[in-house]
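Given the sequences, and given the hints that come with them, work out the whole structure.
Residue numbers (our numbering), protein chains in the order written: chain A, 1 to 79; chain B, 1 to 271; chain C, 1 to 322.
These are computed hints drawn from the structure, not numbers from a lab. It is possible that part of the hints are untrue.
[To be verified] Covered by chain B, per the in silico footprint, the following chain C stretches (three or more residues, Cβ under 8 Å):
1) 75-89
2) 101-112
3) 299-311
The beta-carbon is built from N, C-alpha and C at its ideal position, and this holds for glycine as well.
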Amino acid sequence: MSNSLKYKKAFIEGLGVDDKIITDKLKYNDIPEWDSIGHMTLMSNLEEAFSITLETDDIVDFSSFKKGMDILGKYKISF
Amino acid sequence: MEQDQILKDIKNFSKDVRKIILRMSFKAGSASAHVGGALSMTDIIAVLFKYKMKNLNKDKERDRFILSKGHACLAYYSALNLIGKISNKELDTFEKDNSNLAGHPVKNIKLGIDFSNGSLGMGLSLGIGLSISSKKKKENFNVYVVLGDGECNEGSVWEAAMSAPKFKLNNLNVIIDKNNFQQTGKNFDIMNLNDLSNKWMSFGWDVEEIDGHDIVKLKNYFDKKKDSEKPKLLVANTIKGKGFSFTENNNDWHHAIVTEKLYNEAMKEIK
Amino acid sequence: MEVNSRNIKLWSSIGPRAAFGLSTLELVKKYNDLMVLTCDVSTSAGLDRFRKQYPDNYIDLGIAEQNMIGVAAGLASEKFKVITTTFAPFQVMRCCEQIKVNLGYMKEKITMVGLASGLVLGNLGYTHCCVEDIGILRSIPNIKIISPSDSLETIKAIEASLNDEESCYIRLTGGTNNPIINKDDYKFEIGKSIVLEKGEDILFISSGAILSECLEASNQLRKKNINCSVVNMHTIKPIDESIINKYSAKAKLVVTVEEHNIIGGLGSAVSEVLSKKKNSPPLLVLGIGDKYSKSGSYKFLKEINRLTSEKIIEDVQKKINE
Numbered sequence: 001m002s003n004s005l006k007y008k009k010a011f012i013e014g015l016g017v018d019d020k021i022i023t024d025k026l027k028y029n030d031i032p033e034w035d036s037i038g039h040m041t042l043m044s045n046l047e048e049a050f051s052i053t054l055e056t057d058d059i060v061d062f063s064s065f066k067k068g069m070d071i072l073g074k075y076k077i078s079f
Numbered sequence: 001m002e003q004d005q006i007l008k009d010i011k012n013f014s015k016d017v018r019k020i021i022l023r024m025s026f027k028a029g030s031a032s033a034h035v036g037g038a039l040s041m042t043d044i045i046a047v048l049f050k051y052k053m054k055n056l057n058k059d060k061e062r063d064r065f066i067l068s069k070g071h072a073c074l075a076y077y078s079a080l081n082l083i084g085k086i087s088n089k090e091l092d093t094f095e096k097d098n099s100n101l102a103g104h105p106v107k108n109i110k111l112g113i114d115f116s117n118g119s120l121g122m123g124l125s126l127g128i129g130l131s132i133s134s135k136k137k138k139e140n141f142n143v144y145v146v147l148g149d150g151e152c153n154e155g156s157v158w159e160a161a162m163s164a165p166k167f168k169l170n171n172l173n174v175i176i177d178k179n180n181f182q183q184t185g186k187n188f189d190i191m192n193l194n195d196l197s198n199k200w201m202s203f204g205w206d207v208e209e210i211d212g213h214d215i216v217k218l219k220n221y222f223d224k225k226k227d228s229e230k231p232k233l234l235v236a237n238t239i240k241g242k243g244f245s246f247t248e249n250n251n252d253w254h255h256a257i258v259t260e261k262l263y264n265e266a267m268k269e270i271k
Numbered sequence: 001m002e003v004n005s006r007n008i009k010l011w012s013s014i015g016p017r018a019a020f021g022l023s024t025l026e027l028v029k030k031y032n033d034l035m036v037l038t039c040d041v042s043t044s045a046g047l048d049r050f051r052k053q054y055p056d057n058y059i060d061l062g063i064a065e066q067n068m069i070g071v072a073a074g075l076a077s078e079k080f081k082v083i084t085t086t087f088a089p090f091q092v093m094r095c096c097e098q099i100k101v102n103l104g105y106m107k108e109k110i111t112m113v114g115l116a117s118g119l120v121l122g123n124l125g126y127t128h129c130c131v132e133d134i135g136i137l138r139s140i141p142n143i144k145i146i147s148p149s150d151s152l153e154t155i156k157a158i159e160a161s162l163n164d165e166e167s168c169y170i171r172l173t174g175g176t177n178n179p180i181i182n183k184d185d186y187k188f189e190i191g192k193s194i195v196l197e198k199g200e201d202i203l204f205i206s207s208g209a210i211l212s213e214c215l216e217a218s219n220q221l222r223k224k225n226i227n228c229s230v231v232n233m234h235t236i237k238p239i240d241e242s243i244i245n246k247y248s249a250k251a252k253l254v255v256t257v258e259e260h261n262i263i264g265g266l267g268s269a270v271s272e273v274l275s276k277k278k279n280s281p282p283l284l285v286l287g288i289g290d291k292y293s294k295s296g297s298y299k300f301l302k303e304i305n306r307l308t309s310e311k312i313i314e315d316v317q318k319k320i321n322e
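Dropping the structure here:
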């Protein structure tokens, strides 16, 4: 599975939403499912999907679908 | 039933409650009793137990009563005796060792005592929980809570007062037995409540103020149908110790001993 | 809620408060007469989703803890399952008398969840820390006291308390990234402590998030050939006397460790058990030494109160060498 697909799948499963909700314009708190608890579930899903452990600062900075992709770049994940 | 007969029945109930209060106090002997505050609320409890409260012998749909000013329990036990919940024999155990009837009510569902009270300021919160439950379960019972005026010194009363209107508890009825005294003196001297009615009104309650010994006015108040969603407060202006010449407006009778002599005098007066 | 390693990791990272909040979303589906009452702390208790999704099961009484307990008791008397929650000092102390009269005396059954007990909110000062709650509640009859060691245990304790016949106080300690004590699913029973490690020399008894410091201390001591038993005494009242008796029988020293005053809490409860025995080993009670220190981070407060694994080891060795 490509990284892009893995990434989107982590969002769909982590936030428990339909795939049409996941667009590259999606930001934290845009939808009720991406609240603070949804965020932690999402982070946990991404860690598992990409076999990484996110740093706290990165978890805090991860404010949107797009920003997340930049952050994952730090962990050598390219899209 | 004819209105006159209803009023007569309530007045007789009230008279009987007063007799029982004095008898129980006398029998309690040196344990002494909170006589004054029980006598001031006697007419209120008569209207409630003899007339207004419904389904008292049922389990789920019955109206609930909370004596937040728990020290006035003599009036409560007397009323429960008159409606058949507490036997005469049980009444005689008041304040005796191992009794079910302590100087403040102790929860005993069999005897009709739903809650333990006595630490002032807690009854209204319980009443709010009950009223919310009644609405949620669509059981449609009403809740009646009697508070003392001195009791309104407690901050917890105001926490509760502030919250009830939020929940639109129009099945919640509070009566403040405003006899103007607390344990060691007049409310005015110890902690002035100032305009009690306006305070509650500003919190969102439907407030009325009447003579707490006028059975006709009390009955008319409880007969009124109100459309509002607000919880109701009746500020009942009463006389501490009402009913006997030696107890009326005499704060020594907040908690005192009824001697045989006084008991006999009282029974003569109330004939 | 499926207990698997992924969820255990998630619950640990979000911390016990958010784990509690998440669990209520499942509990209300199982028990639809569940009512959750708070004092303006929905977001602090992970209850924001619950508040939005189940508004009929949620009541916010505002910053009025005495009223919250009374209203909860009224609901409990009509057989609702009731959870109340706010920060631990306010949950236990502001409305202490209401707890005594309603839960203790009248036995109206309520689960009280004390948020952020112990030292985790140390930056905010001791008004927002709680090192007195166990001591205070132990003296009120008819209330069980549970101090879960991690987020998974928090979730189990809350459901167990709803099915218990008595009121329970559940003391949440630790914060986000709460160390995982229970790595797999297990059977949780109120009143039955859990033996995590066995060793003949020292018996550690602890509960709450600070248990992780005990486990680390035990690991380090083992390297010095000092073998320790470690017991998770998650239920402080009623305390598991049989385990204390069994594991203290051969130990050279019993050590209790708590994020609580050394007066009145777990250490005191254990001493009450040991003092009934004819022969018992010495007892070292580690905790907050009956004083309020300066404020600071959780880590800082654990250091100055000697509740890190290093300080625990120092104090244990000092006691052994006495």
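Against the structure, the hints:
no., hint, verdict
1, 75-89, "holds (count 5)"
2, 101-112, "holds (count 4)"
3, 299-311, "violated (count 0)"
Going through the hint list in order, the structure does not satisfy hint 3, though it satisfies all others.
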